[in-house]
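**Q** If you read the sequences in order, they're chains U and H. Here numbering that gives the first Met the number 0 is used: the first residue of the first sequence is 0, the next is one more, and so on. Here numbering that gives the first Met the number 0 is used: the first residue of the second sequence is 0, the next is one more, and so on.
Calculated directly from the structure, the hints in this document are not laboratory data. Any given hint could be a false lead.
[What the hints assert, rightly or not] Which residues of chain U face chain H? A few of them, derived with a C-beta cut under 10 Å, are: (1) G37; (2) A39; (3) Y245; (4) L255; (5) V261; (6) A268; (7) P270; (8) L277; (9) V281; (10) S322; (11) S333; (12) G363; (13) G372; (14) V393; (15) I414.
[Said to hold, decoys possible] Below, simulated DSS-like cross-link-like pairs (lysine-lysine); rule was C-alpha separation at most 27 Å, straight line: (16) K177/U / K196/U; (17) K334/U / K31/H; (18) K90/U / K147/U; (19) K317/U / K295/H; (20) K24/U / K392/H; (21) K317/U / K487/H; (22) K175/U / K196/U; (23) K252/U / K487/H; (24) K24/U / K391/H.
Note that beta-carbon positions come from the ideal geometry of N, C-alpha and C, so glycine has one too.
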Amino acid sequence: MTDIASPTVRISARPESAKRDIGIKRRYAAERRFRAYGIAAISTGLFFLALLLWTVISNGYTAFQQTTITLPIEFTEKVIDPNGERTTDSKVLMTANYPLLVRDALVKQLGIDATKRPLVKQATDMVSASSRTLLRDMVVADPSIVGKTIPVTLLAEANIDSANKGQIDLKVEESKRKVKDQQVTWMNELASAGVLKKSFNTGIFTFGASSRPEAAGVGVAALGSFYMMLIVLVLSLPIGVAASIYLEEFAPKNRLTDLIEVNINNLAAVPSIVYGLLGLAVFINFAGMPRSAAVVGGFVLTLMTLPTIIIATRAALKAVPPSIRSAALGLGASKMQTIFHHVLPLAMPGILTGTIIGLAHALGETAPLLLIGMVAFVVDYPGSPMEPSTALPVQIYMWANEAERAFVERTSGAIIILLIFLVVMNLGAILLRRRFERRW
Amino acid sequence: MSTSLLLLLIIVIGFIAYFAGRARSLAQAGGKLSNLHSLPGYHGSYVAIWAMLPAALVLGTWLIAAPIYIDGSTRAALPDTVQSQGTAAVQLALGQVKSVAGGLLRLSGEEVAALQSGAANLRSTLAAKGVALAGEGEPYMVTVAQHFNAMAAANRWLMTAAVLLIAIAGGIYAIRNIATRFRARNQVERVILGSLIVASSIAILTTVGIVASMLSEAGRFFTMVSPFEFFFGTVWDPRFAAAGSGGASGQFGLVPLLTGTLYIAFVAMLFAVPIGLFAAIYMAEYASPRLRSTAKPLLEVLAGIPTIVYGFFALVTVGPFLRDISAQLNGLATGNYQNFIQAQSVVTAGIVMGIMLIPFVSSLSDDIITQVPRALRDGSLGLGATRSETVKKVILPAALPGIVGALLLTASRAVGETMIVVLAAGVAARMQINPFEPMTTVTVKIVNQLTGDLEFTSPQTLVAFALGITLFVITLGLNIYALYIVRKYREQYE
Numbered sequence: 000m001t002d003i004a005s006p007t008v009r010i011s012a013r014p015e016s017a018k019r020d021i022g023i024k025r026r027y028a029a030e031r032r033f034r035a036y037g038i039a040a041i042s043t044g045l046f047f048l049a050l051l052l053w054t055v056i057s058n059g060y061t062a063f064q065q066t067t068i069t070l071p072i073e074f075t076e077k078v079i080d081p082n083g084e085r086t087t088d089s090k091v092l093m094t095a096n097y098p099l100l101v102r103d104a105l106v107k108q109l110g111i112d113a114t115k116r117p118l119v120k121q122a123t124d125m126v127s128a129s130s131r132t133l134l135r136d137m138v139v140a141d142p143s144i145v146g147k148t149i150p151v152t153l154l155a156e157a158n159i160d161s162a163n164k165g166q167i168d169l170k171v172e173e174s175k176r177k178v179k180d181q182q183v184t185w186m187n188e189l190a191s192a193g194v195l196k197k198s199f200n201t202g203i204f205t206f207g208a209s210s211r212p213e214a215a216g217v218g219v220a221a222l223g224s225f226y227m228m229l230i231v232l233v234l235s236l237p238i239g240v241a242a243s244i245y246l247e248e249f250a251p252k253n254r255l256t257d258l259i260e261v262n263i264n265n266l267a268a269v270p271s272i273v274y275g276l277l278g279l280a281v282f283i284n285f286a287g288m289p290r291s292a293a294v295v296g297g298f299v300l301t302l303m304t305l306p307t308i309i310i311a312t313r314a315a316l317k318a319v320p321p322s323i324r325s326a327a328l329g330l331g332a333s334k335m336q337t338i339f340h341h342v343l344p345l346a347m348p349g350i351l352t353g354t355i356i357g358l359a360h361a362l363g364e365t366a367p368l369l370l371i372g373m374v375a376f377v378v379d380y381p382g383s384p385m386e387p388s389t390a391l392p393v394q395i396y397m398w399a400n401e402a403e404r405a406f407v408e409r410t411s412g413a414i415i416i417l418l419i420f421l422v423v424m425n426l427g428a429i430l431l432r433r434r435f436e437r438r439w
Numbered sequence: 000m001s002t003s004l005l006l007l008l009i010i011v012i013g014f015i016a017y018f019a020g021r022a023r024s025l026a027q028a029g030g031k032l033s034n035l036h037s038l039p040g041y042h043g044s045y046v047a048i049w050a051m052l053p054a055a056l057v058l059g060t061w062l063i064a065a066p067i068y069i070d071g072s073t074r075a076a077l078p079d080t081v082q083s084q085g086t087a088a089v090q091l092a093l094g095q096v097k098s099v100a101g102g103l104l105r106l107s108g109e110e111v112a113a114l115q116s117g118a119a120n121l122r123s124t125l126a127a128k129g130v131a132l133a134g135e136g137e138p139y140m141v142t143v144a145q146h147f148n149a150m151a152a153a154n155r156w157l158m159t160a161a162v163l164l165i166a167i168a169g170g171i172y173a174i175r176n177i178a179t180r181f182r183a184r185n186q187v188e189r190v191i192l193g194s195l196i197v198a199s200s201i202a203i204l205t206t207v208g209i210v211a212s213m214l215s216e217a218g219r220f221f222t223m224v225s226p227f228e229f230f231f232g233t234v235w236d237p238r239f240a241a242a243g244s245g246g247a248s249g250q251f252g253l254v255p256l257l258t259g260t261l262y263i264a265f266v267a268m269l270f271a272v273p274i275g276l277f278a279a280i281y282m283a284e285y286a287s288p289r290l291r292s293t294a295k296p297l298l299e300v301l302a303g304i305p306t307i308v309y310g311f312f313a314l315v316t317v318g319p320f321l322r323d324i325s326a327q328l329n330g331l332a333t334g335n336y337q338n339f340i341q342a343q344s345v346v347t348a349g350i351v352m353g354i355m356l357i358p359f360v361s362s363l364s365d366d367i368i369t370q371v372p373r374a375l376r377d378g379s380l381g382l383g384a385t386r387s388e389t390v391k392k393v394i395l396p397a398a399l400p401g402i403v404g405a406l407l408l409t410a411s412r413a414v415g416e417t418m419i420v421v422l423a424a425g426v427a428a429r430m431q432i433n434p435f436e437p438m439t440t441v442t443v444k445i446v447n448q449l450t451g452d453l454e455f456t457s458p459q460t461l462v463a464f465a466l467g468i469t470l471f472v473i474t475l476g477l478n479i480y481a482l483y484i485v486r487k488y489r490e491q492y493e
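Let's have the full structure, built from the sequences with the hints guiding it.
**A** Here it is, written out as structure tokens:
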């Protein structure tokens, strides 16, 4: 029995005993698995990047369009200045009942019975309450328009704007949504008459803070950010470059310079909110600078950006080969001349790249600005860095806390603007590096 | 003369000094440049520095010292009745005197006389000129305000005269020094070197400023709340500080905040470390140069996105998604469509923060893995190990200290992150282990305590500095240890 069976067994067993089982299949499977984990990890990262950008863009691209209603407004003297006092009393034009003008124009346009109060209320709700200031400013700027009829483009109210953009589900029961059926009918009526239309939203670039989404924009915040970036650039570039030149070229290697070096590396990793506390305690509390001012924000962001710039500058200086220095010194240049005439110009592209990246980082920073009081409701453009202002990322933070649907759109729109700034800055840095980078 | 005008004048003098110095050195050289030790430009700069630097230093000191002196003198001029009422009353009177002084400048001589005799009402007279006064104001204030105005005017004249005199004297002194053998360049370079040293000490000053400001404010906090209560207290309930109440009692326990911070950072690391590490390994060991040159910068874009954008992402996308999916899951399992994950929760904040941390982990680890010497890799592959075995058995053990350093640096970033947790983690300070519930962090509470109008006397605001110094110490410890490891590791393979 066994004699017959054994040869067949031996034949099949022979290759196995000759070639020891080192589990090659298992090991290759493990290899493939390992590779797949790597690919999965990278794709997960990229997936989240795409998701993040998609969230922002899909929520925000509509913010660049705004529904407007163009109505022939009759600036009747009876409403604006019933007693004919406008030449003597300047307050008359400021306090006149401008919403009434809008109401009259709207009632006329829609052909509704002016005595039906609820219906009229629904109609006036379609126009942004910011029309009041718009008309007031028009009349104050040019009082001669009183008594004339002028077509004026007014902003539509945020909910009408959303409905017009198709963001409100009209199948929901009427009592549960903010736009009523009657308003939708009017909206369509006005749209077909060419009175109500979507146009490019310039307001989001020019307006300041507002509690009404349709009248809120990032213009004021962007100016505050611009002031701060100017201060950061003017202060941190010279100081950072000077500090790096000393540390890289002059400093003797001793305990003190070692300490400075460790210190700078640490400062680069200190949480940004700690810089906010520093600014609050030193600049506002101790030095008595104004709260909410761009100048304090600029100082805080400068301190925050300095380590980044110093690290980049030192790397750029280090990359300049010693032969340049030796040649200059050999021809009789002093050490200072060697550095300022030869080493620094060669290191400049690297320094500028580091500076732009540092600035881009400072532009997106929010937390320290919250602590120095830049979370302010600023409506007017700050005239100087000493005046109260706010910043682009802080404006985003404030809008993110608003509950209305229309503010989500505005927030995303503001984020898109911020990201465009960052992309432009970083592209500039990359181009600079490509164009001027030298390999020694 | 206003300060900015004075500053402009100093700069003008500096310009003149530069050209004067240059011209004089050229004249001394007699038209032959090689006679000079230094180039004419250095002589010019030397004179300009002497003209501008001392004057600017005096101006700076004067601007700081003079207001202190004038305030002291004005305070002494206040009547004894005010002096005896304590510092707060004196401070208030001083403020009023200053606004009166500002108003007096707009009044005519007769009006001032009327005010001094008490015939006219101070407040209404000033209000007519557009100066608002807090309080009624008293006749003695006019006298003191006049004293103040006189001092301020005298101070201004003295300062202008002194600064201009010093600028001109410095310039003349320097011009007289110029000679053909004069080493102007060495002098100028010494000043430049000095300014370089000053610039590099700003880094040190920043650290000193952070530590000193936080320690002094936190010190004031610890006089009101005992350090033991703060560091070991398990209840965070600061209450509101009513203005002038001197700080009502609240409970300031650090433990719940610290737990929340560490918990969220832990979840974030749990999410970021595997993804980041595997991405780094794949990019360092497997990826083709083309994939590497596209995927690496793309992942690093994640690090360049401002954290407020991540916060918004958590708020509108991740939070609601987790809430809805948990409701669906719960519904499938039990039939009860009740969400068990809150929109603001530890996982929401943790995941979003994890996404932000992926590029930190991957870039730092990538650098460290590529630093492992080629010979180790080749040796292992030559012995027949597969690539993954090489990674697991040779490269990772060799790179481990560096990677641990990188992870510590990442952890310190997670602990100090603010905007994501402000928007995604919630504000409820409680200790619990359910990751689906909201928790709060040290940074959120710093923002909460310091936003809005505040006075720097109540423990409710000062506690932010105690939290800040705690945060600073934690991140500093992590950073120093991580940098030490990374540096040591780098030396090993250099």
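**Q** Against this structure, judge whether each hint is valid.
**A** We went through each hint and held it up to the structure:
1. The beta carbon of G37/U comes within 3 Å of a beta carbon in chain H, closer than 10 Å, and the hint placing it at the interface holds.
2. Interface hint at A39/U: satisfied, since its Cβ lies 7 Å from the closest Cβ of chain H, which is below the 10 Å cut-off.
3. At its closest, the beta carbon of Y245/U sits 4 Å from a beta carbon of chain H; the interface hint therefore holds under the 10 Å criterion.
4. With its C-beta approaching chain H no nearer than about 9 Å, L255/U sits inside the 10 Å limit, and its interface hint holds.
5. The closest approach between the C-beta of V261/U and any C-beta of chain H is roughly 7 Å, which is under the 10 Å cut-off, so the hint is satisfied.
6. Checking A268/U against chain H: minimum C-beta separation of about 5 Å stays under 10 Å; hint holds.
7. With 10 Å as the threshold, the beta carbon of P270/U comes within range of chain H, its nearest partner Cβ sitting at about 2 Å, so the hint holds.
8. The interface hint given for L277/U is met, as the beta carbon of that residue sits about 5 Å from the closest beta carbon of chain H, less than 10 Å.
9. Taking 10 Å as the C-beta cut-off, the interface hint given for V281/U holds, the closest approach to chain H being about 5 Å.
10. Annotation: S322/U was flagged as interfacial toward chain H, and the flag is violated, the nearest CB pair being 22 Å apart, outside 10 Å.
11. Nearest Cβ of chain H to the Cβ of S333/U: about 6 Å, under the 10 Å cut. The hint holds.
12. The beta carbon of G363/U is positioned within 10 Å of a beta carbon in chain H (closest approach about 3 Å), and the interface hint is therefore held.
13. The beta carbon of G372/U is positioned within 10 Å of a beta carbon in chain H (closest approach about 8 Å), and the interface hint is therefore held.
14. With its C-beta approaching chain H no nearer than about 8 Å, V393/U sits inside the 10 Å limit, and its interface hint holds.
15. Using the Cβ-Cβ criterion of 10 Å, the hint placing I414/U at the interface with chain H is satisfied: the shortest such distance is roughly 5 Å.
16. Taken as a hint, the K177/U and K196/U pair is honoured in the structure, with Cα atoms around 20 Å apart against an allowance of 27 Å.
17. Using a Cα cut-off of 27 Å, the hinted pair K334/U and K31/H holds, with the two alpha carbons roughly 25 Å apart.
18. Distance restraint check for K90/U and K147/U: the Cα-Cα separation of roughly 21 Å lies within the 27 Å cut-off, and the hinted pair is therefore satisfied.
19. At most 27 Å may separate the alpha-carbon atoms for a hinted pair to count; K317/U and K295/H meet this at roughly 25 Å.
20. At most 27 Å may separate the alpha-carbon atoms for a hinted pair to count; K24/U and K392/H meet this at roughly 19 Å.
21. Proposed proximity of K317/U and K487/H is supported: the alpha carbons are some 20 Å apart, at most 27 Å.
22. About 26 Å separates the Cα atoms of K175/U and K196/U, which keeps this hinted pair within 27 Å; it holds.
23. Between K252/U and K487/H the CA atoms are separated by roughly 18 Å; this keeps the pair inside 27 Å, and the hint holds.
24. Straight-line distance between C-alpha atoms of K24/U and K391/H comes to about 18 Å, which keeps the hinted pair within the 27 Å bound.
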